[in-house]
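Protein sequence lines, in the order shown, are assigned to chains H and R. Counting in our numbering, the first sequence runs from 1 upward without gaps. Counting in our numbering, the second sequence runs from 1 upward without gaps.
Keep in mind that the hints were calculated from the coordinates and are not lab data. Being a predicted model, the structure only gives us computed values, none of them experimental. Among the hints, erroneous ones may be present.
[What the hints assert, rightly or not] Mimicking EDC-like on lysine to aspartate or glutamate, the simulated pairs with C-alpha atoms at most 16 Å apart in a straight line are:
no., chain 1, residue 1, chain 2, residue 2
1, H, 561, R, 437
2, H, 561, R, 293
3, R, 331, H, 412
4, R, 407, R, 293
5, H, 253, H, 185
6, H, 260, H, 445
7, H, 561, R, 28
8, H, 505, H, 574
9, H, 756, H, 719
10, H, 34, H, 98
11, H, 49, H, 445
12, H, 252, H, 185
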Amino acid sequence: MKKTILIFSAFLSLLIIQQVKAQEKTISGTVTSKGENPVPLPGVNVIVKGTTKGAQTDFDGKYTIEASLGDVLEFSYVGLTSASVTVGTSNTVDVAMEESLEQLEDVVVTALGIQKSRKSLTYAAQDINADELSKVRQTNPVNSLSGKVSGLVINRSSSGAGGSVKVTLRGNSSLGNNQPLYVVDGIPLSNPTGGQPIDTFGDINGGNKDGGDVLALINPDDIESLTVLKGASASALYGSAGLNGVILITTKKGRAGSFKVDFSSNVLVEDAAYYIDLNDNAESNIEDFFNTGVTSITSVSASGGTENAQTYFSYSNTFASGILPTNDLKQHTINIRETATFFDGALTANASVLATTQTIDNRPVSGLYFNPLVGAYNFDSPGERLSDYENFEQLDPDRNIQSQRWFRATSDIEQNPYWILNRNASEDMNRKLLASMNLKFRISDWLSVQTRGTYDQSFLSYDKQVFATTEATLAPANGRYIFNEQDIRQIYGDVIVNINKQYNKISLSANVGATTTRNTVEILNADSGTNGGLQFANVFSIQNFNANPGVSFSQTSLEKKVNSIFGSATVGFDEKVFIDLTARNDWSSSLPSSNNSYFYPSVGVTGIISEIFDIGDVLFGKIRASYAEVGNDVPANTVFPERQILFGGGLSPLDPVRPLGEVRPEQQESFEIGTEWRFFQDRFGFDVGYYRTNTIDQYFQVAVSTGAGSVTVGVNSGDIVNEGFEASVFVVPVQTENFKWTSNINFAANDNEVEKISNPSDEVQIDNQVISPPGVNTFASYLVEGGSYGDIYAQVVKRDADGRPVVEGGAIVINDQNPENTIAGLEKVGNANPDFALGWNNSITYKNINIDFLIDGRFGGETISMTEAIVEGLSNNTARETENAAIEVVNEAGEVSTLTAQEYYGLAGGRNGFTGEYVYSATNIRLAELAVGYNFKLSESSFFRNIKASLIGNNLFFFYKDAPHDPNVSLSTGNALQGVDILGLPSTRSWGLNINLSF
Amino acid sequence: MKNTSNILLSGIVVFSMIFSSCSEGLDDIDGNPRNITQEQLEVDFQNVGSLYKPMFENIYQYTPPWSFQLQQNLNADVFSGYMTNPRPFVAGANNTTYNLVSGWNNFIWSVPYSNVMNNAKTIENETKDEFPELFAVSQILKVTAMHRVSDVFGPIVYTKFGESATTSEYDSQQEAYNAFFSDLEEAIQILSDNIDSPRFTAFDLSYGGNYENWIKYANALRLRLAIRISKVDPTTAKMEGEKSLNHPNGVIETNADSFFVNGTLDHPVKTINNSWGDIRMNASMESILVGYEDPRVDSYFDSSEVTEGEFKGIRNGLSLLPGYDDELAQKADYIDFSLLADDVLTPRVQLMTAAEVFFLKAEAALRGWSGAGTAQANYEQGITTSFQQYSLGGSSDYITNAILTPKDYVDPVTPTNNIAALSTITIAWDEAATNEEKLERIITQKWIAMFPEGQEAWSEYRRTGYPKIFPVVSNQSGGVVDTDLQIRRIPFVDSELQTNPDGVADAVNKLGGSDNAGTRLWWDVPGGNF
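So that you can see chain H by itself, here it is in the shape it has in the complex (with noise of 0.2 Å):
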């Protein structure tokens, strides 16, 4: 399949054609901006009409360029209404170039990299330029996405700085990966996760840990735009990875004529903020306990070149200490962009190198193992303060050894907080490499061909080194190594064929392709485990571990590989009415050979009413409708996995998962209708959309009778069904010359449901499908036929007719009256996602002055806090069971008594309690960023082309919120723990200084 990409370019670079013409001449001239006050344009696109000749403007916006008599010279500019002039006799051509009002020009890039004309799109796509992403900085640039694009909804990690986004476009529906797709310049990223949070003991083995993404390691001063595809219809060009929508990153890259640096440097600081409500003792401890974290995030990027060759060269650092104490991240991040044209232009080459590196030591986990946050919380000893046990170990004279210091004796989940920090410490170390090149050939000026190909490498090391009188259930006596490494690649390359044609007032434009992305994991996991074992104590390599089978080895090797070829087309009539047809088929290495292959169409089509009616005010309207569907593979070694060899262990005891029948490709069918309009010289307009989607046959694992013989099988069933609605409003109430306020609403309703789990015809039957696993703790998510994704189930408290809880033989009696919302013993008690979202940014500009605020608000659902229950069954730290207050209780005879809340909360709380008692309405509407920032008015001669400073907040308040921890946070961003607060790092206040100095 490369070779054939090969070939085939090769095959067309013979075809290009060298054009002759005469009587040339040289014409130049200076671009400037229309207005009093007229400044050159650098970095003016200058191409010869018909032709693929073209020049770009030099700082001071001089052009040359070579025409006859009679071309015409067209002038572009982003933002700038285009400009063309013929040429006359006279070989000077000075432009003056109007700021564009109607941005509805605009191209927009769409996927694979197809540039096409807004108006012509057929489904819902929203733009999101880089000011939006870097004037409230994030160290993940995804999270300044919240509340700006209608239909997303971001939930960050709770692992601070460095820590993973959990982005959902239009709900969630897959078992499997429910993330977008990021895309770099038209070339799907690879975004290993590095394993994901799904238990709420957390992983014995680390802790729960967050391993990350990729946009965490993407400097986003580098990112010159976003758009946001939302549904099948717009990705379904990238097939299956493009499934749950996708998010096009566009990179700055040099410009010819000019030689420009930026230099931005940021300082934030943060304080721990929200939390549970805790006696002043404790919280008093635990705000000693906390940092104020810092970061700083410091770039400088440099640009320039000349007509034919352009350069972008950017470096940007990270340092973040967080609010855990021990917590830091160091990130550098270099990016180099090289654009040259070749043949008069006929060739363009474009080729960039990302490579960034990223240590955190300490990243924060969430759930109950090695979270330092358990003991931190729970610290109770009687006239003592937390910090007398910064000093946390001891000399054990028994074993010439220093030994834990704690009040009381540790538990498998509770240890000296300080000791877990330093003696439990671990560091991860990302370095990723993104390499690519794209060759476009301009055949004639309807007709293109470009190939592109990525290397796009991953490696994630984690290291932990628990020490010595390490809590029993975590390490053994002499200490604990655990050691990982994953080095994930994707190599990626392509070939496209563009076609435009224009037949009388019929347009076309169309591309035909094929693609190869091969995947690629190894992964090494060494850990001398809970009962294997170090040789002598706390001496952390893997030649150090035990010799038995306790300790645990492992290599894995995983490859993935899908070729598909597609085609697309859109046709235009007048301007007026465009129909969009694509078509995809893939062959995926995951399936069957039997069942490899399979195709999926989408169909689209809008009419710009504006056009084909006159309609007074209205500056522009369109109705837009489309059908998708999109097949699905599996991931690598999904459906015939091979037995595991467990080291020293002989074979891992079960038989794998085999598939129940055949394995058929996941297939998800979705239909979007949306109408835009624009009105009063575009001061007001907006875009509603609704859409539905239904993935269907999805290849569940199914838990099956042990007496079957086997544990799982694989089937595909199930039909999740997403519909919603959207709405994005803008409006400018106020605009005279040195005063500016726009303002735009974002709104996005998702409705889910689990229309069926299984098919009648299926062999196997079952009622759910496992979300997050309750083990022996009583949090759980269940898939439900009728249900919702994201449904959380707790125990819940048996009550009489007057809401008393039922206490029987000292024991809290759990709800048997809603026996078919029960699964396992425990009751549906909400959903984790959020009935509708809410977005208000606001952008007021005064001369040099402008302020920006954003109230990111979400209605609906609920989330649990199994924190507090934490805290109440270890200790009697909560405000609540402080005060104290008897609450009335019944026994199953019906007679009333009393218990204090310390005595209730006791045998409520606990991570198997009644969770049910610590459910709280996830609404919430926050003032999410706010800032004030101040542009220098610079003299001609100023060495500095643009001084900015800001002042900026993040996470400010909360008008309104429920839950005790920020229901926006999430453990995982994975598909688990959602709706649920497992002792996660609390969510933070930030304020910060924000510097851009261009020369």
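We have chain H; now place chain R onto it with these hints.
Below, chain R without anything else, positioned relative to chain H:
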């Protein structure tokens, strides 16, 4: 325009090339080459050989210890009166207070099914015709594991295991026991016919490939199962028991022949006891061993720190006691009671001792089975053999002691837990006593000798009512379990209720009572033992 056609034509040619190559070369990619394929597994017959180790190590699960903790330690090991958890898990609302935690019970079921039953099925398919002796040993291990499961739940999936891809049909406990007998009979016959085959030596974690020992063990196991059903089905019991008692190879009679699994890892209870501090001596053990001044107490337990120098057990079924706000505070006090001693927590996991076999024979003698010898001789030999197992002297004085009785229990931390001894049974054999009293003596001594294997001890307690172990302090079963009769079984597990509801409904029918912890199993017949 001609150029255009050429380009389009070339394009079509190229795309048809791509199309034809798209599906090629994808077949061999999927899979993890670091794992093992069926073909690789067949080298050295490991497709069979590698299956035995997990069977040996999961009858009584070696690792991970937390899984064993749920499989047996917080269940049968506590119900048997051997041990107690110092921490009142789930604020005291857990299995030990009869407030059953369904998430725990799954392990009792899934561990043997996943590791023993599955493997036995594969071994049966691969060896029954060609290497029957390998099949025979696997059948003995299978019965060893599955009678324990049946003794917890009653009906189990046994004869119809693996017949459907997704669901399964249960056998009644009677059907299961009959199948155990016929499987053991077949295995004993096969091994007798292939007594010199060396094939199992490499895989044997118990007897080094010696089939004579395996036959003795199989006979002893059959005797155990026969005694178990002696009340409910005396005819079958006598017939099966006498087969063992009169078999030319005999039953286990020396400590060297006892059935242990020689594991390579620490005893799981050692981790739970020493490292986690999650299990301690039970008050019933203290009452009987200390009351009898039994020297085995030093082999089984360490003296406590709570009452310096004395052995101290904890009452089972403790709720979150008054005065404690949380589990850990209560544990902090009870962790200082007597630990289990390292002597009983070696990597050799004890499943059947010679002493137990003598006590089985003693009971068989009481029941008049041929080949059993006399009850008294077997009883006394049982005690002597148990003393020898721990290299203890003084058994002759002990055997003749007709004065000492179990002692009253005193909780040094929470006096409300104090309780008077429930029995006045003495040690010395009294030939003039009633059969019932003789049986109490036999079972009480068998109970001491079988420590720390709580599963068999709990089964025998339910069958006979002996020894008289203390009831739970807190009974949170909501009236389902009678405090004095104590817990009779564990309900069918959630994983089965969810994946096999029709099978479980049928199993409840076969159980003959409600699917709860108060329902008696088939062999658990109320009333006197004779």
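Going back to the hint list, which numbers does this structure go against? Violated hints (numbers, rising): 1, 2 and 6; every other hint is consistent with the structure.
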